[in-house]
Amino acid sequence: MLEIKNLHVKLEDEDKEILKGVDLVVEDGRVHAIMGPNGSGKSTLSYVLAGREGYEVTEGSVTLDGVDLLSLEPEERAALGLFLAFQYPVEIPGVGNMTFMRTAVNAQRKARGEPELSAAEFLKLVREKAKALKIDADMLKRPVNVGFSGGEKKRNEILQMALLEPKLCILDETDSGLDVDAMRLVAEGVNALRDGKRSFLVITHYQRLLDHIVPDVVHIMANGRIIRTGGPELALEVERHGYADILEEAS
Amino acid sequence: MAMPETATDALEARLQAAPSGGGAWIRAARAAAEGRLRAMGLPGRRDEYWKYTDPTSLISPEVAPAEALTADEAPVFDGIERLRVVFVDGRLDAAASDPLALEYLEIEPLSQVAEVDIHWAAEVFGQLEARGQDPVARPLAALNTALATEGLVIRAKGVVPRPVSLVYVHERPSSDAMIHHVVRVEPGAELTLLENGPAAARFNKVLEVDVADGGRFHHVRAQGRDHDRQAVTHLFARLGAEALFKSFTLTVNGALTRNEAVVELLGDDAVAHVAGAAAGDGAEHPFHQDDTVFVTHAAERCESRQVFKKVLRNGAVGVFQGKILVRPGAQKTDGYQISQALLLDGDAEFYAKPELEIYADDVKCSHGSTSGGLDPDALFYLRSRGVPEAEAQNMLVLSFLAEALAEIEDPRLREDLEARLEAWLRRRTR
Ligand SMILES: Nc1ncnc2c1ncn2[C@@H]1O[C@H](COP(=O)(O)OP(=O)(O)OP(=O)(O)O)[C@@H](O)[C@H]1O
Ligand SMILES: [Mg+2]
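Top line first, the protein sequences correspond to chains R and E. Residue numbering for the first sequence follows my numbering, beginning at 9 and increasing consecutively. Residue numbering for the second sequence follows my numbering, beginning at 240 and increasing consecutively.
What the hints contain is simulated information worked out from the structure, not anything from laboratory work. Some hints could be false.
[Unchecked claim] Examples of chain R residues lying across from chain E (beta carbon under 8 Å, computed): (1) E64; (2) G68; (3) P82; (4) G102; (5) M106; (6) T111; (7) Q116; (8) E173.
[To be verified] Far from chain R by the CB rule (all over 10 Å, computed), these chain E residues: (9) E312; (10) D332; (11) D337; (12) A340; (13) R455; (14) A537; (15) D584; (16) D616; (17) E630; (18) E642; (19) R666.
Here the structure is a predicted model, which means the values were calculated and not measured. Built from N, CA and C at the ideal position, the CB exists for glycine as well.
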């Protein structure tokens, strides 16, 4: 279970508060969606959860299954089961995608005291998962995300998620840049991981994704706060009427 | 160049040690080198070409002592089938070496070749070095030609089936070694030359390589890990038509390393690649590494590449001086040069002087030089997937060096050096 309490975050080297008291609880097995206008702080929240540098938490707390996330290094959070599918996946020239994913899987297994996978075992695993996402062998051989199309990058994120089998998956606009078919593939990939225990935080601008990945709860974030929480119908309301009414109501 | 008296004295003192005797050809070559050296003098701190690297300790009468590290891992190239020739503190150790015999190969100690009056080596020994003195003087190479008595004279007459591997062992703490090798690759022949080891407390080496039309020469070198050692090396190469020349150097550790490469593309359609990867950590021992490269295009449709990457931290210093000179008439030249430093902290220094000088109008030449730290976004991306920080850093360092290592054609050699680098990085992050 993810519990965020009164989270205030400012930029480390600027006097700019971005998150202004976020409260959010995601129970095991649940899918929560976060929507909200550009610049409202959705990606910032995901980065702070994943442990990116450059932010300062001035107030509040975050726990995953009772463990204080904020005191952990990014790799420790990952080993604990947190995964962030990036809005903008990073290109890493010179590091092979396959090598990268095997290193990641084995690093997490090692951190949890599990035996590492051999090259052959990993190859088998990755082939199986890649096939479902229609990721071809060439993409696995290339350097991480280098020369990948926008959609390929997003599918590569979901592949990593499938391999790492995290407890909490944060998807930051994984749907943006995807064509209709790719969106269905990605949604199927996500749904395949829904097992009643694993939970999801899906950040998106579009109702369309939520047709495929049906959320239990929808939150609207604006100006660093969650200003409204509801069921799937809230996403439909946003789709139809935009944010104006909701923002007005909240102010 | 007028020299102050003390500099002249220092030079004369060094030349006192010049070997007397020997066969006619080598006496002539040594005398010519002495003449060149007297005309140019030893390098000083004020020389433009030594702006970023202080040559003082390379020419001083006293050698700063250097401890010889005891190996804690199998030596490089260990698993590679090769003809091994061992030099201990600069002296050929015949007992420790393989018999000097291999198909399509002539290989003789310089000390023996020096005794005869006539030898083909006369066409190369000191000759390529002399050509390389213009337009920039390289006095320490001339000093080597004048003084060196050790080395190998190698001729490839066909596709030599195994690499020739020169293993330089450092034993005495104040050894001062000078080695001069000569290689000729005959038309259509092919040879791979490997070098590894720290050689001596102070090491001055010249390697002259004459690649005839259609010949192929591969050179892979791993410079020794002894911390306090100092080395100045010169590689002079001359390429005929359609010849191929590829040289790669890995440098880790070493108080001072200056590697000069002077390559002349004299025949049409020749290809020359000179590359290097250096990793230095100045935390406990000084590290100063200098690649100085001069490539001359004097024929049509030749290709040259210079790829140099350095990873530096804790006050380690890296230098790159690289030039592409395209002579009149060298049309369709394809010249590329890149030098990059990855500075792992604010303490490390990188000096780069990339130069292009072009006298032909139909050429394609590019050069670039960058220095910077690790990409924080890439580092975070790796860590967010569970890769521990130190390991993520090492992955990025190795990926930074990959373009240089990719210049090693033989995958076994490339993987061997990659494994060395990985081990070196891991030792520093534990
Ligand atoms: N490193 C930074 N430097 C300066 N401003 C920043 C930084 N990071 C975030 N911000 C600002 O914080 C605000 C929130 O940004 P964030 O990326 O979290 O928004 P978002 O909700 O994800 O928007 P979008 O829907 O466009 O992806 C924006 O105004 C952004 O400009
Ligand atoms: Mg965003």
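So, going through the hints one by one against the coordinates:
| no. | hint | result |
| --- | --- | --- |
| 1 | E64 | violated, 16 Å |
| 2 | G68 | violated, 21 Å |
| 3 | P82 | holds, 4 Å |
| 4 | G102 | holds, 3 Å |
| 5 | M106 | violated, 13 Å |
| 6 | T111 | holds, 6 Å |
| 7 | Q116 | holds, 4 Å |
| 8 | E173 | violated, 12 Å |
| 9 | E312 | holds, 22 Å |
| 10 | D332 | holds, 40 Å |
| 11 | D337 | holds, 35 Å |
| 12 | A340 | holds, 40 Å |
| 13 | R455 | holds, 27 Å |
| 14 | A537 | holds, 34 Å |
| 15 | D584 | holds, 16 Å |
| 16 | D616 | violated, 5 Å |
| 17 | E630 | violated, 7 Å |
| 18 | E642 | violated, 7 Å |
| 19 | R666 | holds, 19 Å |
In this structure, the earlier hints numbered 1, 2, 5, 8, 16, 17 and 18 are contradicted, and the remaining ones agree with it.
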